[in-house]
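Could you put together the complete structure from these sequences and hints?
So the sequences go chain by chain: A and B.
Under the numbering used here, the first residue of the first sequence carries the number 575, and numbering increases by one thereafter.
Under the numbering used here, the first residue of the second sequence carries the number 77, and numbering increases by one thereafter.
These aren't lab readings, by the way, just hints derived from the structure by calculation.
Think of the CB as a built atom: it goes at the ideal place given N, C-alpha and C, for glycine as much as any other residue.
Heads up, some of the hints might be wrong.
[Unchecked claim] A few chain A positions that, by computed beta-carbon distances, are all more than 12 Å from chain B:
#1 P860
#2 W862
#3 G875
[To be verified] Simulated DEER-style distance windows between Cβ atoms:
#4 A:R800 / B:R137: 41 to 49 Å
#5 B:E251 / A:A622: 23 to 31 Å
#6 A:R678 / B:E433: 23 to 31 Å
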Amino acid sequence: MTRGVLLGPQRLHPIVDKAADMLGIDGPIAAVTAGWQEREDEDQELCAAFGNRAVNLMLHARAETAFREDPELFAAHRAKQDRLRQLQDLYRLRLASHLKAARRVQQAQAPRDLVDAELEEAVQAVRLLDAHHVVKTQHIQRDFDRKVKPLERPAILKQLKEIEAILADCAGVAIAGGHVAVLYNRLRLFDLGPRLADLPIIAWSAGAMVLASRIVLFHDSPPQGRGNAEVLEGGLGLFPGVVPLPHARRRLNLQDPGRITVFARRFAPATCVALDERCFIHFDGPRWSAGSNTFQLRTDGHLVALH
Amino acid sequence: MPAMNTRLHPPMKLAIQSFLAHGPVDAAAIDKFLRTHSFPLIEGRNATFVYRGPGDQVNLRHWVFGLGSSQPFTRVGSSDFWYHTLELPPQSRVEYKLEVILGGTGTWIRDPLNPNLAHDPFGANSVAHGQGYRTPGWAEHDPEARPGTMIETQLEGTPLGTQRVSIYLPARFRESRRYPLLIVHDGGDYMRYAALKSVLDNLIHRLEVAPLVAALTHPGDRIGEYPNNPLHAAFIAEHLLPFMEKQYPLYAAPAARCLMGASFGGVASLSTAWRYPGTFGRLLLQSGSFAFTDIGESKRGPVFAKVVDFVNNFRENPGRPSDKVYLSCGTYESLIYENRSLVPLLQSTGMEVKYEEARDGHNWENWRDRLRSGLSWLFPGPLWMVYE
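Next up, the structure:
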């Protein structure tokens, strides 16, 4: 099993160096900053945090190069992304009514046992919708892989060869946050999931999110829209069993037990982990542990320390 | 003693009522009452204002349209203690002063017992916050938010002569990226009184608003320049816009250009877009002075004459000046009728319209408090997708 440390935001109080120590990484670290998009190479602070032993894989730039060299690949990739976006919009429509139903049931004035039973079914409906959505996104991705065969195309193979050469010299991997969909796309385009699995991984924010089995987008009080957490895609699945929630204190209403209950029950049995600054989860083979200030959203609506 | 407020269910006894009922109301009791409460005293839908000092009469002077603008305080016996209770619905924000009349001379002062102030070009007013109102956190300085940069420049040879423009570049601005453009009327006032710089820094930092470049204009004679003045419109559309698009990496598309303004600045924004249809695809209009007449003369006076002409013409022939319009107004403003009337008209043009009201008046903090909603709707940021 992959070893790793998942972290919250690192900008103001970085602990990536401590994470590297936890994993015993002694050597160069391959850095993935594709979530920063065109700022990918602004990695001076990150390199400094790792004692200048980070080597940026430059996945965003490599993908752009590959797209320039292979217009057919670019067109197919764009079409796939458009289709995923359209699917996400449709899923979002259905999700809104499912979650609204769950919340209304939760707030209903009726005997507790009836409410609980109905709420369980309402949450099950949301879980089913989420699961179907993941399957549909996987179909779209596999269809793309089957038809376009990106890993057989020279433009990708050229980049992949260089990436593998860098990885061969690295003792670990660091995956930074940023735009979660872009980050996931780049990792997936170069099929890095299996290639990273054998190395210890430090990942934070969006980087942590893409390594789970489901990428969950969330914000309880966005300035526009309903703030319904939604599943984007399946994720790389290197750290199953957790739903990383970076910036949880800013993005989630953690004072609302009702919301926490629905959120946690929706994604159970996976553990929903609030990853704020200085928080971490440490995966050491089959076991995992958490920092003293790292909290879990529990199905009873409470936040409890994972330590 | 003030009458019980019949709008409360069940009626509640106000602190001032209890205080007065448990006499004697001597200096020591008044001292204690003042020491143990903060003012104005907000209880449910009631706000009790208190003044202590010499006077022949004390009035609450406010700018809530629909209420008498001068509300007399009650003096307690022959003491120097005065009070007045006013209905103040939840979430309200009301700016006010106290008028103290002594020896036939009235003086407007800020409420000595209330530390909350709102500043504007004319000075500062005291502010009463209704139950539940909070100054939004995103409007206050956030040390975690990366600050944008301000650049001062002058545009020469415009139809309005040399014009000062302040330019806001977002944090981590890059020449290789492209940005939407926000043109802000009364830019200096938005900066000073509506915390625009902090608001932009924070909302961009929080990913709620897309990183954007803003051009903040500073009018010379806003009453002359703003109401549908062709010279002003030409300055914006033919001088400022090309200048900005030449100097900075902007999306050269209507959907990425927004005109924003409050009060007469709202009129300037709408009339400029109307004169240059297809140029500005976004409008953010706050408490626009959209006075009009259905018949007869406007009673708003000569300052509004050109505004009324414009709005009447616009209502006759609105065209489609923009694509997406955010409109807001305070329910305590006299302009609420005009702004509400504008909504169906704007919608009838096929433009996408978002209209919001707040229990507030015609002031900068009202406009500040609506910026998150307006800007995030017009230029949504990558909040949903970015986790840094």
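Hint check:
At the 12 Å boundary, the C-beta of A:P860 stays outside the reach of chain B, the nearest C-beta of that chain being 27 Å off. The beta carbon of A:W862 is kept farther than 12 Å from every beta carbon of chain B, the shortest such distance being approximately 20 Å. Against chain B, the non-interface label of A:G875 holds: every CB pair exceeds 12 Å, the least being about 24 Å. Between A:R800 and B:R137 the CB atoms are about 42 Å apart, so this pair conforms to the stated range of 41 to 49 Å.
For the pair B:E251 and A:A622, the beta carbons lie near 25 Å from each other, so the given range of 23 to 31 Å is met. Look at A:R678 against B:E433: about 27 Å separates their beta carbons, and that is inside 23 to 31 Å.
The structure fails none of the hints (numbered hints given earlier).
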